[in-house]
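As they're listed, the protein sequences go chains A and B.
The first sequence: position 233 = 231 (the working numbering), numbered continuously.
Just remember that the working numbering sits 1280 ahead of the position in the second sequence, which is counted from 1.
Any given hint might turn out to be false.
To be verified - Once the Cα atoms are required to be at most 30 Å apart in a straight line, the calculated DSS-like pairs of lysine-lysine come out as:
#1 B/K1311 to A/K0
#2 B/K1307 to A/K0
#3 A/K0 to B/K1574
Stated by the list, open to error - Chain A residues, not near chain B, derived (Cβ > 12 Å throughout):
#4 H1
#5 A67
#6 T182
Just so you know, the hints here were simulated from the structure itself, not pulled from any lab data.
Every residue gets a Cβ at the ideal spot worked out from N, C-alpha and C, and that includes glycine.
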Amino acid sequence: MKHLDSLEAESIHILRETAAQFQRPVLMYSIGKDSSVLMHLARKAFFPSRPPFPFLHIDTTWKFHEMIAFRDRRVAEEEVDLIVHTNPDGLENKVTPFTHGAAYTDIMKTQALRQALTAGGYDGVIGGARRDEEKSRAKERVFSFRDAHHRWDPKNQKPELWNTYNGRTNKGESVRVFPLSNWTELDIWLYILREGIPVVPLYLAKDRPVVERDGALIMVDDDRFPLLPNETPMMKSVRFRTLGCYPLTGAIESEAATLHEIIAEMLVARTSERQGRLIDQDQSASMELKKQEGYF
Amino acid sequence: MDGTPSNAAPSAHPSLAAQRVQTYLEKHEDKGLLRLLTCGSVDDGKSTLIGRLLHDTKQVFDDLMSALERDSKVSGTTGPGRVDYALLLDGLQAEREQGITIDAAYRYFNTEKRKFVVADAPGHEQYTRNMCTAASTAELAILLVDARKGVITQTRRHTYVCSLMGIKTVVLAVNKMDLRDYDQGVFDAIVAAYLPFAAKLGIDTVTCIPLSALEGDNIVAPSPHMPWYTGPALLPFLEEVDVATDREHSSFRFPVQWVNRPNLDFRGFSGTVVSGAISVGDGVSTLPSGQKSKVARIVTKDGDLARAVAGQAVTLTLTDEIDVSRGDMLVPTEDQPAMGDHFTANLIWMDSNALMPGREYLVRMGPRQTRGQVTSIKHKIDVNTMDERPAPTLELNDVGLVNLSIDRALPFDPYTENRDTGSFILIDRLTNATVGAGMIQFSLWRSTNLAWQHLEIGPEQRARQKGQRPCVLWLTGLSGSGKSTIANLLDKRLYAEGHHATMLDGDNVRHGLNNDLGFTAQDRVENIRRVTEVASLMADAGLITLVSFISPYREERNSAKVRIGDARFVEIYVKADVATCAERDPKGLYKKALAGEIKNFTGVDAPYEEPLDPTVTVDTANSTPEEAVELILDWLRAQGFLSVEGDGSGI
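Okay, chain B solo, but in the shape it has when bound (with noise of 0.2 Å):
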């Protein structure tokens, strides 16, 4: 049914018409798309440049031309007898009416050589997230200025932004030539102030060209009022520019779209080649549970592929029945990506609700949905002069860098490498709206370039032989609250019941697995990362696992539940006062730091953080330990931590 011979061109005597498409067809056989994005602040004549460009192009047909002519006369801002090119692009009544942009519009014109999609993005300050919607998808950008007022501060933060979004290819356009006649100086001043600047951001290539869209000088042809300027026009440049990205050449990535299972005889994986090539015979892995096979077909409407690159739109099927789900990631056995659930990356809040790091959003990246939540806000970039400043919350159109922690361990590529496997949005949960976008820099955990395995024994089994459901006991609280006590007695008390526990002391692991540690910030933070790996490699095991911590910051404690997981991470708070502690004093420890002795001691001179809302608490100060392994015992029971409710095909 997908041929039908009717609509092919006669064969035996072509009719005029159809040699002039086939001519034309023949010319633009071969032609690419160019995705680009027009931005530039208010005035500096952004919609009337595209304006011109779709014009000179003939892309303006002759009855919008006189609905033209007449918004012209009665809105137009561009005085008697000319057109305002502008109006063309204005598309809601609302912006009509005020004479802005509102919303990033899409523009499309034709040339022999190639397709443009102009996404333009607005220039006004309140909608930095329409830019970067614009951008997102964008491999070039045209950043106006204005000849009478040169680099300004929403020049910088356009560029800034087009940085962030990853466009590498930046058209510096000075427009409004006209009015500052024509002058060199002034064309050369603008570019030497801005090519330090972009520079300076990573913008690998700029091209500066002095121009008026309103006079149409350099748009389409060299302008005669410009001799000095040797460089191409506007259309020619953006006709002939390089953009590619190598998308092809680098990894091949293949986030899987939708499950094809059109009868029990097939199963296809259908998806967009994200990145790379991929042909039939070679060994993939699916991402993240690691499970690997070879690529038995690659499966269009037009026929099966030999190859399919970067791009393409495809179904793959696998010569073994691997469990591969939508959000899956299919990559190369041999080249796999990083995973991570706990990233840096830079976040653009688009929400008139602030962010609220702790606070669960759902995490889009690409096909797969998760949900994480922001654990901590690095910085807040002021987008005008670059500053990093502290910040508790992200607002509306600001951008900041942040620790996001995700459900699950998830594939991904750094956002310079890779912009469809680096990049994520969250979601508010009650509103369904879309709040934030991500750009991953790299993975907080230094796991990120292993190979996953997959398990073939998890949890669950390890459980059930067991016959307990493993956890993780975080006691925290100030030195000499109590925790070693607890966990030693602890400890006893759960063997003598024919449980499988074991202890991680804080001061023993420095001992032995963190003697190379100090106590510097970044050791600390080592510390407590492997202590919660070991932990978390122990609770896998089966074990409920005792770890007594001081563990002062809510930070640590949050990350540490993060790896370890929600369900299994309990957070015990030993709590007593520091003078109790200081009086108890068993390692003499207190008296050095009251004297000075010992710099940044937790409770004397570092704070400690209370849990905000720990699952258990032992109140030291008014009970014995006796009493407090009681109460931790009684809650173990009650949560059926101690008993496995099987299916009786355990032991």
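Next comes chain A alone, as it looks inside the complex (with noise of 0.2 Å):
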């Protein structure tokens, strides 16, 4: 088999494990690439039958504009179920990444993420993390326990042999669901590409408004964006390699403008895909300690 169909397959029957395992399973649809190949999979798996869960998308009320219309159409083309959640006390506190810092991605992520799950009593929760990413997902099981807390513990980790998944949770007790664990970005894109699947245009480079701080370019996607005294937006060729919050999210400058340039960037790229995301960079090893404290 062609490594993409033995990963294709992988996925698919970790996906139908999943709906088949657990009481109320979700899928987390952040929107971005990695999503969008998620919501391919999961119309694959369970064919001619829709998939049996919802989809649940965290707003922290300050994504990509573009990245909001995407969900929508896609969700309507494909008929299925989407919930969409933000968190009220952040919303009445006016957090916002310009004034809350690291304490904004706590509340309108983290926090976020868990009312939602605690309210919809979601047991099995698939997410999109590939192993790749990051250092800490490298170790990470393809079926990752959650306390009732919704914390990882990853010293204590089941052991996962074979295709054989422990999906068992006690009542409070959840497992996040990685069905992408085995690929690498480049797979991601090839399989996009082989499949011709729809991603959001803020992959591909185009002239965009953006200022540069701290080293990192930001695109104004709206006027909430507070520029400083000095700045002035400029249009620059860019385009991102993961999608979030626009205020936090790093863009690239490129002249990459289809699927066939991003690729063929990618294979002289010397640069790995977080390095745009602006959370990681808080210290060696925040994600690892941002996975313990719940989000994904």
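Got two chains here, each in a separate frame; can you build the complex from them with the hints?
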């Protein structure tokens, strides 16, 4: 079998196990390329049935506008059930990435996710994380256990053998399921290309208004962006390797306006994709800490 | 909604980039996937080797490289000016601080020929369970040896675990050759020490490569430092090695994961073909029920297939409306696997709470979950010396050979033939932890190669017809305790009350059915196996079956209980002490035994293990046989065995 076919079959197997083993499965849909691949795989796994679980989007209200438009279009096209949750406390207290720094991610992402998962009583939570993204993820199981506080205990993971998955939980506990564990960023793009999977246009280079802050290019996506006195957005041909909240997502200068060109750039790329994601640069093991706290 | 034209390559004027990608894709089109495992002890340089492979195949990005150079200065162990490749791998903070690798990590790298999934297994003794986890999906293992130390205990242990987990291809990477002056003699001596050992463990192919991960010798290209070595460097070898397991050419097996039912017109069975191949029109049976049908369609979202092979995830529909659920297995009607409910298996224990033989665990075989228990531990294996030792239990990281019994007979293949249908995990019912992982060797009951017949009329129907709930009354006790006397009286009373009963008497059975059996250990096991089978059939036929059988060992009675089924097995302890029985001595056997004329006589020079928790105990030293019979009858009535609360549809 070709390697993309092997990866696809493995992911489908994991998605079916998730549907069968959990009382209330849910798929974390973050609109990015990995989520797009997940959606595509979920449609394949259960065809001709529709995916037997809802999709959940944690909306911080600071996502790129194009992401939200894309989300609504794709959800309608694929006829999946979408649940959108925003942390009401965060809204009430006007928490923004500009005013609250690290607390913003905690309140609008981590806390919001925990609220939504607890409210939905979800016991099997499908995510698009890949082991090649980051060092602590390399050690995570496909079925990754979370205690009643949504916390991950990296030192006490369940052994996971063959393709046999143990999704049993007690009340309040849950399992994060990662069907794309064995995919790399390159695999994702090759698969998107082969299968013709739609992705948010932000992945493709285009002239966009950006400012440079702390060495990162940040797109000014709306007028909520507080410009510093000497800052003027300039138009640059940029694209994004990962998508999140626009004030926290760095763009890269690029002329790659088609998928073929993106892959071509990647073949010579010497920078890993999370570099554009500002939350990881706090400290060397920051992702591991965030995961222990319940961030995906 | 599948295809979006905007994603396709621009066709009119393909750009340079598009052409490059096209060339790249063509090159990578037939690229396969190789899953490999790396193992070695703490200082063998395993992480350095993987770091080196990632680096030399250009998988390490610039920002990671600069973080690495920074980290090397803080916690690197390779000395000034050197990059510590191991830091690329030790992901968890605790590991970076302690300098150990506490959990299996997965790494990926590509060459033009293959994509590699590397499971990096820890070398520490206490983490055998992680190595088994990593090995369970690997097709090949790279085993590191430090050229300065040669083959050590850990090398042997890792080789053993590889062989246990079914890895048949091993690369012995003799690392740190630079520290032994690239000396051929050193390498040859290590190879000579290792090969016989690997052969003994059934590892088919061993390739030995001298290298230095730190210096990059024999990693991607032949090393100029070791001209005497004429074999391949590591990476070229990994690109070419053939690990085909012939999965596609073995028997078709399809464990059903999910019943696909979008509407009343479609009923499909979704799963992954774990071995073999299937075509539309092929005859299949669903196990364990044994119902037969044919494959109508092989459905995927990209269109129906005419044929599906091992590794593909598909949805099958059948020509007949037969009952198939998650956990059932579709197999060729002509080529069915064995069925069994009592196995001998290698078991790895993975929990800090030790294995409790006799305790009920959840047993998961692929998508099938059932309940079961370890009925006995034949021996524990010292993974360092391969010695087999008796053991009352298995502790964390122990490996042992055990007998496992499960609730009902299920299809299986020996693990050596099929990893997917020959493996299982044990789950603790309270904590939900995965506590054990097992590899089936064979079934203890020799019913293995018979196709299971689907029974249209089941025990329910027969019970209703006879107005009773069938059961097996298993009378155990010393010779002369009164088993046969009580069974005879009970049989008469049941007959008089209009019930349907039958008797199997230990002595009588030996005159007929079992007249070819003596009293050796093997014959005893066979004797009790046959009686259990016959009793089980009698109960299936709806009869109250009386078995009077000394059956001195708990293990034997427990096997019978498991085979016959908990709900209909009634253990009756006919209790009388040896002195009382010897005094009665109805057959004159005690006299002979005490005189030494009969050997291995239960109660005299062979043990009788009293039931720990018998369903009914009758004390014949202090009561008459008639009183004993009344006691048993009262119990049967109270439990509802002598009547059927049916829906009136019976007789």
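Here is what the structure says about each hint:
1. Proximity of B/K1311 to A/K0 is assessed by CA-CA distance (about 6 Å); at most 30 Å being required, the pair is judged to hold.
2. Straight-line distance between C-alpha atoms of B/K1307 and A/K0 comes to about 12 Å, which keeps the hinted pair within the 30 Å bound.
3. Between A/K0 and B/K1574 the alpha-carbon distance is near 29 Å, which keeps this suggested pair within the 30 Å criterion.
4. Distance check for A/H1 against chain B: the nearest CB is about 4 Å away, which does not clear 12 Å, and the non-interface claim fails.
5. The beta carbon of A/A67 sits about 15 Å from the closest Cβ of chain B, which is more than 12 Å, so the claim that it is off the interface holds.
6. Remark: the non-interface label on A/T182 conflicts with the geometry, its nearest Cβ contact in chain B lying 5 Å away (cut-off 12 Å).
When each numbered hint is compared with the structure, violations occur for hints 4, 6.
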